[in-house]
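Asker: If you read the protein sequences in the order shown, they are chains A and B.
First residue of the first sequence? That's 0 in numbering that gives the first Met the number 0, and the numbers climb one at a time after it.
First residue of the second sequence? That's 0 in numbering that gives the first Met the number 0, and the numbers climb one at a time after it.
Quick caveat, the hints were computed from the structure, so don't treat them as lab data.
Among the hints, erroneous ones may be present.
[Stated by the list, open to error] Where chain A lies over chain B, by a calculated footprint (3+ residues, C-beta under 8 Å):
id, region
1, 111-120
2, 123-136
3, 153-159
[Claimed, not checked] For the chain B half of the interface with chain A, some residues (derived, Cβ under 10 Å), not all of them:
id, residue
4, 36
5, 142
6, 144
7, 146
Even glycine gets a Cβ: it sits at the ideal position worked out from N, Cα and C.
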Amino acid sequence: MTPITRDMLMAYCDGQLGDADRSAVETHLAANPDAMAEVALIQRQNHAIQTLFAPAGAEPVPARLKPARLAEAQKSRRWQTLQRAAMITALLGIGMAAGWLLRPSGGSPQLYDRLIADAVSAHTVYVAENRHAVEVAGDDSEHLSTWLSNRLATNLAMPDLSAQGLTFLGGRLLPAPAIPGGRAAQLMYEDRGGERLTLYITPAQGVDGPDYEKIAFGADTALYWANTLITCTIVGNEQPETLQAIANTVFAQLSPGQAAERVYRG
Amino acid sequence: MLEGPSAIRAVLDQFLDQLESCVPALRRYARALTRNVDLADDLVQDCLERALAKRGLFRPTGPVRAWLFTILLNLHRNARRSSLRRGTEVDIDDLPEMATPAPQPGHIALAEMARAIETLPPEQKEALLLVALEGLPYQEAADILQIPIGTLMSRLGRARAALRLATGTPSEPHLRTVK
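Given only the sequences and the hints, what does the whole structure look like? Please build it.
Answerer: This is the structure in structure tokens:
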């Protein structure tokens, strides 16, 4: 027969024993008043603890402890955090662009420098937008082309970058603060992974400087080029070679008839 | 296998249901640990939020209840440590008096019992309440406390001996025959 230990008496009181052990303990208790007294005491303690605290478990649960509600609150907090993060990224992007403009290169920033900085700022602000990333969606490409061509007073086709795996999202009209009274068109593309790339296009009138420039801003790279009619700054976080290939396609479509080799310079 | 958003939604709903079914027990245990309605509910809310935030780390097949109790206990211990540092531990004498029936042989005065539980070392109190109040199997209680089952049982034994002394229960005949 199993020896009845003190631990077994306790386990008996706590309802932890299987049938065989339980009946063994009961047989033992019937013959041992001391053990019976021990068991009775533990049971009284258990009973007192339950009398004291069990009612809390029967109270109606307050709304703030409803898991579904907490899950909802957590979701909306996570959204706010994401939005804040996007905002900070945007501010940092603007900060980086501004910092780059003020880089110690001597003299005031060139006009084309400021165009690049504006392109990067606009890129950072609008790629973070979900519902309002563009003003006019890309599926109305013809209207977009007419509208932006009129505003920029230059003939502007919407480059098709589907061969590069980029979907045209659409575009918007922006001020080009670097040029007095200037306007810019921003066109946005998205790859399959949701990464976005923008083109920032202005008329070339009055813009001096190199035809080609490439600058890295953190994870993003800005690739600027100009011809006699327009300037275009491509901003994205693609690898430099990929961005270069995209630039060639953009250039070919925006400047039909001009030699694509020009983009290779630099 | 998960397939698509509706399946993910179903898993989440199931998880929320599991959490919800544990809330009454968590409240009861937290109340017994803290002896304070608001502190206890704060603790349960923190526990649920932590569980929701960590649900990605949770295997849906595992025991949700034990996992929740472990989270709750960790939060409680952290809070206790920081309140000890701040020196705002609740005085036992400030605890509300319970309606006390005249002590009779065979009865344990509830107020006396409540105070006696407060005087237990925290690790004994945590163990005793998991078993005596929540009625958990020893193995599950040991898992929650992350201790071996033998340690759990010795804590329970010591807690009960201390309660016996503190509640002034007439001394038991000595159990020398028990082996």
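Asker: Against this structure, judge whether each hint is valid.
Answerer: Quick rundown of the hints versus the structure:
A stretch counts as covered by a chain when three or more of its residues have a beta carbon under 8 Å from one of that chain; for the region 111-120 of chain B and chain A the count is 3, and the coverage holds. Beta-carbon proximity to chain A at under 8 Å applies to 7 residues in the region 123-136 of chain B; the threshold of 3 is reached and the given coverage holds. Counting residues of the region 153-159 of chain B whose beta-carbon sits less than 8 Å from any beta-carbon of chain A gives 3, enough to reach three: the coverage restraint holds. For residue 36/B, the interface hint holds, since its Cβ comes within 10 Å of a Cβ in chain A; the closest pair sits about 8 Å apart.
For residue 142/B, the interface hint is violated, since its Cβ never comes within 10 Å of a Cβ in chain A; the closest pair sits about 14 Å apart. Of the supplied interface hints, the one on residue 144/B is violated, with its beta-carbon coming no nearer than about 15 Å to a beta-carbon of chain A, more than 10 Å. At its closest, the beta carbon of residue 146/B sits 15 Å from a beta carbon of chain A; the interface hint therefore is violated under the 10 Å criterion.
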